[in-house]
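Undergrad: Given next are the chains, with one letter for each unit.
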Amino acid sequence: MTTRVWKFGDNLDTDAMAPGQYMKSPIEELARHCLESVRPEFAAAVRAGDVVVAGKNLGAGSSREQAPQALKALGVSALVAVSYAGLFYRNALNLGLAALVCAEAGSIVDGEPVVVDIRAGSISLPAQGRTLACEPMPGFLLEMVMAGGLLAHLQQRLAAQGKERR
Amino acid sequence: MSDVDTIATPRSLAQKIIARAAGRPVLPGEIVTCRVDLAMSHDSSGPRRVAPMLAELGAKVWDPSRYVIITDHYLPAADDESRNILKITRDWVKSAGIEHFYDGQGICHVVLPERGHIRPGMMIVGGDSHASTGGAFGSYMFGVGATEMLGVLVTGEIWLKVPETLLFEWHGRFAEGVCAKDVMLFLCGRFGLDGGQYQALEFGGSAVRALSMQERMTLANMSVELGGQVGLVAPDEITQAYLRQAGVEVDGAEMARWQSDQGAPLAAHHRYAAADLVPQVAAPHSPANAAPAADYGGQAIDVAYLGACTGAKLDDLRMAAQVLAGRRIAAGVTLMVAPASRRDQERAEAEGIMTVLADAGAQFLANACGACAGYGQYRFGDGVRVMASTARNFKGRMGSAASRIWLGSPYSVAAAACAGEIVDPREFISTSMAAFPPTPFPRKGVTAVQPLTRHPNDDSLPPRGGPSEAA
Ligand code: SF4
Numbered sequence: 008m009t010t011r012v013w014k015f016g017d018n019l020d021t022d023a024m025a026p027g028q029y030m031k032s033p034i035e036e037l038a039r040h041c042l043e044s045v046r047p048e049f050a051a052a053v054r055a056g057d058v059v060v061a062g063k064n065l066g067a068g069s070s071r072e073q074a075p076q077a078l079k080a081l082g083v084s085a086l087v088a089v090s091y092a093g094l095f096y097r098n099a100l101n102l103g104l105a106a107l108v109c110a111e112a113g114s115i116v117d118g119e120p121v122v123v124d125i126r127a128g129s130i131s132l133p134a135q136g137r138t139l140a141c142e143p144m145p146g147f148l149l150e151m152v153m154a155g156g157l158l159a160h161l162q163q164r165l166a167a168q169g170k171e172r173r
Numbered sequence: 002m003s004d005v006d007t008i009a010t011p012r013s014l015a016q017k018i019i020a021r022a023a024g025r026p027v028l029p030g031e032i033v034t035c036r037v038d039l040a041m042s043h044d045s046s047g048p049r050r051v052a053p054m055l056a057e058l059g060a061k062v063w064d065p066s067r068y069v070i071i072t073d074h075y076l077p078a079a080d081d082e083s084r085n086i087l088k089i090t091r092d093w094v095k096s097a098g099i100e101h102f103y104d105g106q107g108i109c110h111v112v113l114p115e116r117g118h119i120r121p122g123m124m125i126v127g128g129d130s131h132a133s134t135g136g137a138f139g140s141y142m143f144g145v146g147a148t149e150m151l152g153v154l155v156t157g158e159i160w161l162k163v164p165e166t167l168l169f170e171w172h173g174r175f176a177e178g179v180c181a182k183d184v185m186l187f188l189c190g191r192f193g194l195d196g197g198q199y200q201a202l203e204f205g206g207s208a209v210r211a212l213s214m215q216e217r218m219t220l221a222n223m224s225v226e227l228g229g230q231v232g233l234v235a236p237d238e239i240t241q242a243y244l245r246q247a248g249v250e251v252d253g254a255e256m257a258r259w260q261s262d263q264g265a266p267l268a269a270h271h272r273y274a275a276a277d278l279v280p281q282v283a284a285p286h287s288p289a290n291a292a293p294a295a296d297y298g299g300q301a302i303d304v305a306y307l308g309a310c311t312g313a314k315l316d317d318l319r320m321a322a323q324v325l326a327g328r329r330i331a332a333g334v335t336l337m338v339a340p341a342s343r344r345d346q347e348r349a350e351a352e353g354i355m356t357v358l359a360d361a362g363a364q365f366l367a368n369a370c371g372a373c374a375g376y377g378q379y380r381f382g383d384g385v386r387v388m389a390s391t392a393r394n395f396k397g398r399m400g401s402a403a404s405r406i407w408l409g410s411p412y413s414v415a416a417a418a419c420a421g422e423i424v425d426p427r428e429f430i431s432t433s434m435a436a437f438p439p440t441p442f443p444r445k446g447v448t449a450v451q452p453l454t455r456h457p458n459d460d461s462l463p464p465r466g467g468p469s470e471a472a
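Those sequence lines, one after another, are chains P and Y.
Take the position in the first sequence, starting the count at 1, then add 7; the result is the number in the working numbering.
Take the position in the second sequence, starting the count at 1, then add 1; the result is the number in the working numbering.
This is chain P alone, in the form it adopts within the complex (with noise of 0.2 Å):
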């Protein structure tokens, strides 16, 4: 599956991804809206797999979960970034939505092809020839992300201290 990288800036915000107007409408009607004042063809032509690539501060501003949600319910399969705001980042991995730190997203090109490996931590840009490190993610939260975030997380907890009272 070949998988596309939307390109955007710095301080890209939860406003944004979450618009005010659609946050009492379901995940699928507000996803609809996603990016939309920004970049406005962007939730019809994403497709499943695609990964978000952005400069500094991703996710600035509300504490909206809806923001990664919304990216999470159109397919995309990972974010990179130069920097993230902690509470996004922290939303996103909640959510199993995977959130790399990576140093060079600047040389990412909008459009390229590109392979995420989450756990390895490495992004390859097969047009480019090369392939990019992240910094690692610790393992409590990769662990998370990849059991499908928070709540699955919590499930597995759950079940776990059910079988010990058993």
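Hints in this document: simulated from the structure, not taken from any laboratory.
Restricting the straight-line Cα-Cα distance to at most 25 Å, the calculated cross-link-like pairs of lysine to any residue (SDA-like) are:
# : chain 1 : residue 1 : chain 2 : residue 2
1 : Y       : LYS61     : P       : LEU165
2 : P       : LYS63     : Y       : LYS162
3 : P       : LYS63     : Y       : LYS396
4 : P       : LYS79     : P       : ARG164
5 : P       : LYS63     : Y       : ILE32
6 : P       : LYS14     : P       : ARG54
With chain P fixed as given, assemble chain Y with the ligand onto it according to the hints.
TA: Frame of chain P, contents of chain Y with the ligand only:
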């Protein structure tokens, strides 16, 4: 490093609070699990989001006495979806046995401390980015998303990476007409939206010490705009007096405990002369586009919006009244005022402030988020130019992507309402509200009836007008 060594090492306020919550000494960079003393959610991030997940897990709230719910985002309900969200909230609060529920009492970040839920040294999470407001009381309070809140509700715990501290000291006195909002816009302009790097910001110095609690809340609130995880102000007698009014007694020993030590490790230490700061305005579409208000002077506006947790508390309304006393808003401008809490509105009524605002031509909105988040019926259309006391002006946040929002202090919003354009508000501040008989606002080109209050240092300021940093 042994515990003894760690304890002997000077520690920051952030470290001390986290150490208590983690049950052991901590160092910046460590990832620790903390016990949570208090959690807070509003109608948008709260029950409607967490209740279905709790049901899916078959789990209950770890301690219903420690989870405070406050409605603000969808009030007043403008449509069926909003009404439904409020109904889910109210029903769940009952069924889950939530002890503290504030419905229609105001914006969560203002209501929580006002009702005595915060005290220094607490570890608190809030389901909203501006939960950082609680840091004004020397508590470690920060925002989380709904799924993270679920984790807290199930376990009573949260993980943290112990932050480094960035200390911002403001010394001396702020000039008349300059306030906490100007400080934060100035810092956003200077350091950008990621200047805080999700670290702990701490505010100190004699000028900060002289600020009221609600002004300190504005510093802590907008620490998120600067990219901090928390914005802390160490508690003092002003904190103590505020908390007493809210029914919370904090003794001297507790106050002494929640201070950064001399020589605590700092990632950065910035010192400013408060007197050099001039009113700041941030242009669309980022708080980081801040510059002296005068730089944007003459920019016409259609709406002046005095609202939000950061810009319509009692102290904010007082500031606006200082400008609006005896004046009328300019023809063609709408002044919308959404007092941040019901209690603040009652106090403003008692002080005559609401009358001053009404006489000036203000329209009043409910004690809620109003137009700030663009969730409800107040949304600005294409091309509408708004001067707002809110915290963020991202493209499309308050309505159409083609609306434009400038941010400023309550003084600046009130002055712009009178002038019909952005102005330096210091020209319009009455030292005593009663001293000014009702006169129409002098239009451009007409001599002002009030003396110009200029700070003597103004002329010596650098071109962007910000205070320069002391070495
Ligand atoms: S007033 Fe604005 S900034 Fe404050 S909680 Fe409400 S939406 Fe958020």
